[in-house]
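> Under our numbering, the residues of the sequence shown are numbered 920 to 1242, in order.
To be clear, the hints were calculated from the coordinates, so they are not data collected in a lab.
Among the clues, some could well be false.
[Said to hold, decoys possible] Below, in silico cross-link-like pairs of lysine to aspartate or glutamate (EDC-like), each with a Cα-Cα straight-line distance of 16 angstroms or less:
#  : residue 1 : residue 2
1  : LYS1073   : GLU1186
2  : LYS1173   : GLU1186
3  : LYS1216   : GLU991
4  : LYS1046   : GLU1078
5  : LYS1173   : ASP1109
6  : LYS1073   : GLU990
7  : LYS1046   : ASP1029
8  : LYS1216   : GLU1143
9  : LYS1216   : GLU926
10 : LYS1173   : GLU1116
11 : LYS1046   : ASP1066
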Amino acid sequence: QVDVFEEGLEQSVTAEWWGFDSVWAGEANFSKVGFNSSSPVVAAGIAQRTEFVRVGVMPILGLVNAIYLAEEVACIDNIAAGRAIVAAQVPSAEVARGWGGSNSAERIIDDVAVLRKAWGPNPFSHKSDFHTIPMENEIHVEARGLDKISIQPKPAQLEMPLWLTGDAAAASIARQVGVPYLGAAQLTLDELRPLYEGVPTDGSAIVPLSREVFIAPTTERAYELAANAIAGLYEAFRKDGTYSGPSNFDDMVKDRFVIGNPDTCIEQLYRYQNELGVNYVVARLAYHDMHPGETAKAIQLFGQGVVPEFRMFGMPDEIRKVV
């Protein structure tokens, strides 16, 4: 497994070299097809190995105290010199495993409120059914006289980019708290349409989407390489209770994944842009059951043949960096 982490870090450097805007560290617990149980830890490694690419952090909300998560992300943003983006996951697999309560809408909304306060410039307090900050005990109040706290360090960015990702529940919460929704990769175009209804289409805000992607010089070769890797991944998701779609790969791909040669990938990505208003795609190109050499080739080809078609030369205000 040491090799898996090293391969992932090398792939991050390759993606930066070929012009990708961001590299992401996902998070999954007790998964047979995943190796990353801590998105912040791996994101810190990516931040240290790269120089310019944005570093995407995808922690699962509700599993740890939000103030602890705020501190971790702030550290990563400083290591990355202001390059972090957070797309926090609204849990679904965790509930399937019996960890009930961690994904209640009220809990997620409260976590977002804590994150925003913690990343802000001023000391803060927060009392709710889920958090009491600072803790009401003699150490924090009587002995030290603290009625407000402040995390250290603060993020390097003036405003930490915060998105929510997951299923329809995540989209609803994102709308309530006013943050971008990152559509989940397993959702079809028809399933995504109502979740993206009303998003800005004038380029004034980030409208992100996650997709399973694989690219090769020919569409036939792309399907050949991707079939086993992605089908195996989604069979594992089915066992987790997070995927209930088709099991046949051809049916699975339809209106859900982006697979093909560069021209085919560009055509499919434009469809999401035109029909949903998407202007930022988080593309998974690395898969557990695929040889790292094929992954490296795909990253290079995507960077050469697809990224220039959509490259954002001016960063929006939502993901600006302190200079």
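> Hint by hint, say whether it matches the structure.
Verification of the supplied hints:
no. : hint              : result
1   : LYS1073 x GLU1186 : violated, 41 angstroms
2   : LYS1173 x GLU1186 : holds, 14 angstroms
3   : LYS1216 x GLU991  : violated, 33 angstroms
4   : LYS1046 x GLU1078 : violated, 23 angstroms
5   : LYS1173 x ASP1109 : holds, 11 angstroms
6   : LYS1073 x GLU990  : holds, 8 angstroms
7   : LYS1046 x ASP1029 : holds, 10 angstroms
8   : LYS1216 x GLU1143 : holds, 15 angstroms
9   : LYS1216 x GLU926  : holds, 13 angstroms
10  : LYS1173 x GLU1116 : violated, 21 angstroms
11  : LYS1046 x ASP1066 : holds, 11 angstroms
In terms of the numbered hints stated before, the structure departs from hints 1, 3, 4 and 10, listed from lowest to highest.
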